[in-house]
Each structure stands twice: as C-alpha cells, then as structure tokens.
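K.L.:
Build the full structure now, drawing on both the sequences and the hints.
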Amino acid sequence: TQLLEQSPQFLSIQEGENLTVYCNSSSVFSSLQWYRQEPGEGPVLLVTVVTGGEVKKLKRLTFQFGDARKDSSLHITAAQPGDTGLYLCAGRNAGGTSYGKLTFGQGTILTVHP
Amino acid sequence: DAGITQSPRHKVTETGTPVTLRCHQTENHRYMYWYRQDPGHGLRLIHYSYGVKDTDKGEVSDGYSVSRSKTEDFLLTLESATSSQTSVYFCAVLVRGAYEQYFGPGTRLTVT
Chain A
1 TQLLEQSPQF LSIQEGENLT VYCNSSSVFS SLQWYRQEPG EGPVLLVTVV TGGEVKKLKR
61 LTFQFGDARK DSSLHITAAQ PGDTGLYLCA GRNAGGTSYG KLTFGQGTIL TVHP
Chain B
1001 DAGITQSPRH KVTETGTPVT LRCHQTENHR YMYWYRQDPG HGLRLIHYSY GVKDTDKGEV
1061 SDGYSVSRSK TEDFLLTLES ATSSQTSVYF CAVLVRGAYE QYFGPGTRLT VT
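In the order they appear, the protein sequences are chains A and B. Counting along the first sequence from 1, when you hit position 21 you're at 21 in the numbering used here, and nothing is skipped either side. Counting along the second sequence from 1, when you hit position 54 you're at 1054 in the numbering used here, and nothing is skipped either side.
Since the hints were derived computationally from the structure, they do not count as laboratory data. Errors might be hidden in some of the hints.
Claimed, not checked - For lysine to any residue, the following SDA-like pairs were computed, each having C-alpha atoms within a straight-line distance of at most 20 Å:
no.: 1; chain 1: A; residue 1: K101; chain 2: B; residue 2: R1030
no.: 2; chain 1: B; residue 1: K1053; chain 2: B; residue 2: D1073
no.: 3; chain 1: A; residue 1: K101; chain 2: B; residue 2: T1017
no.: 4; chain 1: A; residue 1: K101; chain 2: B; residue 2: G1058
no.: 5; chain 1: A; residue 1: K101; chain 2: B; residue 2: S1061
no.: 6; chain 1: A; residue 1: K101; chain 2: B; residue 2: L1045
no.: 7; chain 1: A; residue 1: K101; chain 2: B; residue 2: T1112
no.: 8; chain 1: A; residue 1: K101; chain 2: B; residue 2: D1038
no.: 9; chain 1: A; residue 1: K101; chain 2: B; residue 2: Q1025
no.: 10; chain 1: A; residue 1: K101; chain 2: B; residue 2: V1111
no.: 11; chain 1: A; residue 1: K101; chain 2: B; residue 2: V1019
no.: 12; chain 1: A; residue 1: K101; chain 2: A; residue 2: S26
no.: 13; chain 1: A; residue 1: K101; chain 2: B; residue 2: G1097
no.: 14; chain 1: A; residue 1: K101; chain 2: B; residue 2: N1028
no.: 15; chain 1: A; residue 1: K101; chain 2: B; residue 2: H1010
no.: 16; chain 1: B; residue 1: K1053; chain 2: A; residue 2: S26
no.: 17; chain 1: A; residue 1: K101; chain 2: B; residue 2: E1079
no.: 18; chain 1: A; residue 1: K101; chain 2: B; residue 2: Y1031
P.N.:
Shown next, in the form of structure tokens:
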C-alpha cells in the first residue's frame, strides 16, 4: 500500500504571508496532483506534475515534484483570504495496471486571515 | 466539471437500512471511482470501475457494493448502513489522456 504523508495538517496565517505544504512518501509515483476543496464542494484539480524535478506555477502558487518522484510541495506566495480551503495531494500509483487509481494525503486546512 | 452529478446530495438514514448513491456522467469516461472523505483521512477509495460491469475493490470496500450497468452510471450501495458509514461520498471520473481525476459535488450521508 502506498502512503502519502501531508503536512502540516492545519495552517492559519495572516494575509500576505508565504506558506509551504509538503507531501512525502517512500513510494514512487507516476504523477502527482494537487487539489483544492471548498466546504460543500468536490475537490478541484489545480495541477498535475509528472517529471521528477518539475516545477509548475499557477499565479501565486508554485508546485514542485521531487527528483525521485516520491515527494511534492506547494508554495503560496503572499497568501490571500481567497486561498482559504482544504488542499489535497494525490499520487498516481506507479507500475503495473493502476487503473488510474490515486493515493491521497490527509489534507491541509489553510485559513488566511485578512 | 467533467459533467458529473451525484444524487442525492444529502441523505439521513437509519442504521440497518439499505442506501444507494448514484453517480452520473455525461462524457463517456470509462473509469469511475467512489471515495469517502472523513476528517483527518483525506479521500479513501471504496470501489472503482474500469468499464461496464467491470468493478474492483478499493482500500475501504467492506460494507459497500457497486454496480455499473451502463457507462454513464456508477451506483454505490450500502446494504445495511452503519453509523461508521456516516461520511461525505465523492464520485470521480478519469480523463484518460491526462490521467487526471475529476470529482462530483459529493453526497453527505448521515446514518443515525
């Protein structure tokens, strides 16, 4: 069973601060996805990283996939109240016939105070 | 949103009763998934389908069954609901070319 450890579980910061969320595993993933979820809604895909060492930027959000494809990070610059939500990382299992199955981290609840 | 709807969106039921949740998609995706979401656990896979009448178990399948008689519908059944099955249930589809999963809006189930 592949596991993804996501940290921190909770993050409460002031508007304008920077933050980083981490996802770590001992397993290799074919790709890693980051989702954002708001209360009462389903997770919404933010980005997919595929190549070891890959960095993708989405406005103030920077996503990085580790060189060995075992870990990933999400960095938010100058956080805004609109960034508040639950952030989830999910890795697509490598090797064999995975049927596209994902392993999810436990999630990070981010609260950005004005 | 990959054209996914879930019904019902909210349900309260009593322990021991059967419950069926429906996931409907309009874009002919082959792969579909059922997850449950509980605080501190992220999303956990219950069952998945890789085609009509082709299904398999996920990591938390005990107490759940599924059926897929046509491409667009994936049903999740709790044969005899228990309080431990109180959760939010999400359906997802796989967009094959990108190997990305897209989620429905969820069903909040409360078992009393």
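K.L.:
Next, verify each hint and record whether it holds.
P.N.:
Evaluated hints:
1. K101(A) with R1030(B): holds, 13 Å
2. K1053(B) with D1073(B): holds, 11 Å
3. K101(A) with T1017(B): violated, 30 Å
4. K101(A) with G1058(B): holds, 9 Å
5. K101(A) with S1061(B): holds, 14 Å
6. K101(A) with L1045(B): holds, 8 Å
7. K101(A) with T1112(B): violated, 31 Å
8. K101(A) with D1038(B): Holds: K101(A) and D1038(B) sit about 19 Å apart, inside 20 Å.
9. K101(A) with Q1025(B): Cα-Cα ~18 Å, so holds.
10. K101(A) with V1111(B): Judged against 20 Å, a Cα distance of about 28 Å means the pair is violated.
11. K101(A) with V1019(B): At roughly 25 Å apart (the allowed maximum being 20 Å), V1019(B) and K101(A) break the hint.
12. K101(A) with S26(A): holds, 17 Å
13. K101(A) with G1097(B): holds, 14 Å
14. K101(A) with N1028(B): holds, 18 Å
15. K101(A) with H1010(B): Not OK: K101(A) and H1010(B) at ~26 Å, beyond 20 Å, violated.
16. K1053(B) with S26(A): violated, 34 Å
17. K101(A) with E1079(B): violated, 25 Å
18. K101(A) with Y1031(B): At roughly 10 Å apart (the allowed maximum being 20 Å), Y1031(B) and K101(A) satisfy the hint.
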